[in-house]
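Residue numbers (our numbering), protein chains in the order written: chain A, 1 to 446; chain B, 1 to 400.
Read the hints as simulated data drawn from the structure, not as lab findings.
Because the structure is a prediction, the values reported are computed rather than measured.
Every residue, glycine too, gets a C-beta built ideally from N, C-alpha and C.
It cannot be assumed that every hint is accurate.
[What the hints assert, rightly or not] Short, incomplete list of chain B residues facing chain A, as computed with Cβ under 7 Å:
hint	residue
1	29
2	45
3	60
4	135
5	349
[To be verified] If you want the footprint, here are the derived chain A segments under chain B, 3+ residues with CB under 8 Å:
hint	stretch
6	21 to 33
7	289 to 298
8	313 to 322
9	356 to 367
[Unchecked claim] Across the chosen pairs, the derived CB separations fall in these ranges:
hint	chain 1	residue 1	chain 2	residue 2	range
10	B	221	A	408	37 to 47 Å
11	B	47	A	369	31 to 41 Å
12	A	129	B	325	51 to 61 Å
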Amino acid sequence: MPTLYQALNSWGVHGWPADVLAVVVPCLIVVVVVLTIVGFSTYVERKVAADIQRRIGPNQCNVGPFFGEFARVAVRNGASPNAGFSGRAMAAVCKALLPLLNAADRILSRLAPGVLIFMADGLKLILKEDIIPDATDKPLFRAAPYVVLASAVGALAVLPYSDAWYVADFNIGVFYIAAITSLEVLGILMAGWASNNKWALLGGMRSAAQIVSYEVPVGLALATGILICGTMSMQGMTYDQLGLRPGSTWYSDGWLWQWNIFHPAMFVLAPVYFLAALAECNRTPFDIPEAESELVSGYHIEYSGMRFAIFFMAEYTMMCVTSAIAVTLFLGGWSTGIGLILLMMWIRWTLPRFRVDQMMTLCWKKLIPVGVACFLAVCVWLIVRMVCANRIGEVALERTTFWLRACFAGVVLGWLVWYFRRPLTPAEQAQRELIARPSVPSGAPL
Amino acid sequence: MNGPVPGMSEAHIGIHTEEMVLSMGPHHPSTHGVLRLEVTTDGEVVAGARPDIGYLHRAIEKIAENIDYRQFMPYTDRVDYLCAMNANHAYALAVEKLAGIKVPLRAEILRVLVAELNRISTHMICLGALAMDMGAYTPFLHAICHRELVNDLFEEVCGARLTYNYLTIGGVGDDVLAGFADKCEQFADYLTPKMTEFNELITGNSIFQDRLCTVGVVTGEQAINWGLVGPNLRGSGVRWDVRKNEPYSLYDKLQFEVPVGDGGDPKGSNPAGTLGDSYDRYMVRIKEVGESVRIIRQVCAMLRENDKLPPEHPDRQCQTKLPPRLKVKRGEVYVRSENPRGETGYYIVSDGTEKPLRTKIRTGSFTAVNCFEEVTRGLLIADVVAVIGSFDIVLPEVDR
């Protein structure tokens, strides 16, 4: 598979234009595609929320009403006698497009009613006044949303979208992701400080504490993944889980049990990483920096219009990024398209929020010790593996680890099935049916 | 987390620190209306939260002195708009006691029925809003869904969905349509499994329990000293319910329990907490919904029995015959009744004219706001929200 640079050369583009194009085009494609996905995921979030909350959710903003209205207005304007050339040209284009729009409307309003709500939201937010309060630190206030967004978008560069589609495949890809996503906290702190608002300041401080703390379990999970895969490149990790490495055999060739999650240490680390990822995205139950009911809306309380929207775009981009990392690290990379984003949404509309000290306790007293234990266990395992490889040979070792992994995967899947089908204990039953039984007489009479 | 870290004095750090005054409200999403709390914080730790009230003061007590007894009934709706039926009931009881009016049986049945329905609907708001304050949005919408059904019933009864003005002095405004008892029982049948679902969704959630258990503890003695009433008092383990201890209306004929907080009791619903914490107050309300369902079933049976009486039977009437200009003899009265937010008392002084000389309303939310400063000291900012939510204050009741 040639790189874009090589392809440009073969098409006769050489020198600095090829350099520029080879850098700019992939970046643009990735940013545009991912931000569209981000916009779409806000629609999905609304639909998921509506379903959980017994509501309908957005269902009016379809292709017909949204684009059709523009097209119809253009056709009407073009038909008027004072329409100039451009007006008539626009009308002609729109007239040609109308059947297409109608067809798209008929299909999409069935499949995904209200799908264009994110475009309407975007339009509204762009048109809204961008209020910058007087007492703010204006340069920082203006810059903060872009810093947050840049850190999230920057991580898109090294994500492996497929074996051929990626912007860059660094040999330090994982390290780069860890570095650039932690820049987010800088932007949030800037926003919190520059807003000159006490709620924003509290939100910024909470966020700094939270993201810096949760970088540690994320780092431990990434480091363990690096040890197991033997590479820091995101593509390399995927290849490793697909069994596409020298000397691979039939039983190590891209099967489910080659996913890192079926490595015992990574199986423990997967929930650790997922929780930490939720915290890094400021998602419920870790939406402590935003905490609508406590800090009103935390660090972006003073923001309005497009700057406010950029914080949201950054949040959803971070969700995409962390989910992509989780899939690369644990679930076999681009070979599977498992949507962890849906899980994040489900959690958001189900769970309450942690308190700031509980959030810290969870990180430092639970996630980090578990992460360190897994990391050390993998270190020991690698030494044992090396010794065994010397004794019994690489092929025999591969076969043994295959059986071990397959057994582990079976046990895990069996346990999951048992866990979700088990009968409730009497205590759980009592908790749920609290209202049905008469209340327990206790407590002192007056 | 609480208090200064040992060995980390200002001299050690070399930085001068001071407390920050945070103005929480009057337009804050979790102060349940226009309450303003002047929160003094040391970082996230609250040194004190001084309530600043009066943003919703409408001089309702003064208005009462200028209009006659019947005209004041719609104003009682606005004293506590989330349980207007109960507020109507409290006022009607006071005037009837002062004027010596006897209420017919059917009116009493309907009064208890709507009062208990309203108790469920306002507890739904409280439980859902507390969950929302804790960051869970979904339980609130589920609770509102259940409340809508109560509103539908009330719409059928009196045409209004929020400020009902249904009870009158000497009875109720109008009789219910045939089949109302069936509809109420249908609602009771609907609500029981839905509350199980609600418990699965939020009550048993360990994050939710961690957020509320041992937060905002009020001991039984403190609760009595601070004048807390209703679920806030019972959450502290004090078994006091006006419906049980000084029965009015039909409550002495009805079977129901008075749930109290059981924090720390290993067999109770709140084994991880402390007696009188926010979770106990939450649980008392959850259980009270169940008790109200029990009462509604009994009252529906009584209503069916009453339906069998001939239409001209005195027990079948909804309203006592009263003179068009209601004059109350000279005297004063204090009557209390059990509202969802605790004991509501009406103190009425009459000088023998059509208008009262003085009307004083004693409400549960007002005393609950009083103790915020004590209860929130040393908690985190997030806990202040939990405390406000668990005391279930309603601002029009505080300011009046």
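Hint by hint, here is what the structure shows:
| no. | hint | verdict |
| --- | --- | --- |
| 1 | 29 | holds, 6 Å |
| 2 | 45 | violated, 10 Å |
| 3 | 60 | violated, 29 Å |
| 4 | 135 | holds, 3 Å |
| 5 | 349 | violated, 28 Å |
| 6 | 21 to 33 | violated (count 0) |
| 7 | 289 to 298 | holds (count 6) |
| 8 | 313 to 322 | violated (count 0) |
| 9 | 356 to 367 | holds (count 3) |
| 10 | B:221 <-> A:408: 37 to 47 Å | violated, 57 Å |
| 11 | B:47 <-> A:369: 31 to 41 Å | holds, 33 Å |
| 12 | A:129 <-> B:325: 51 to 61 Å | holds, 58 Å |
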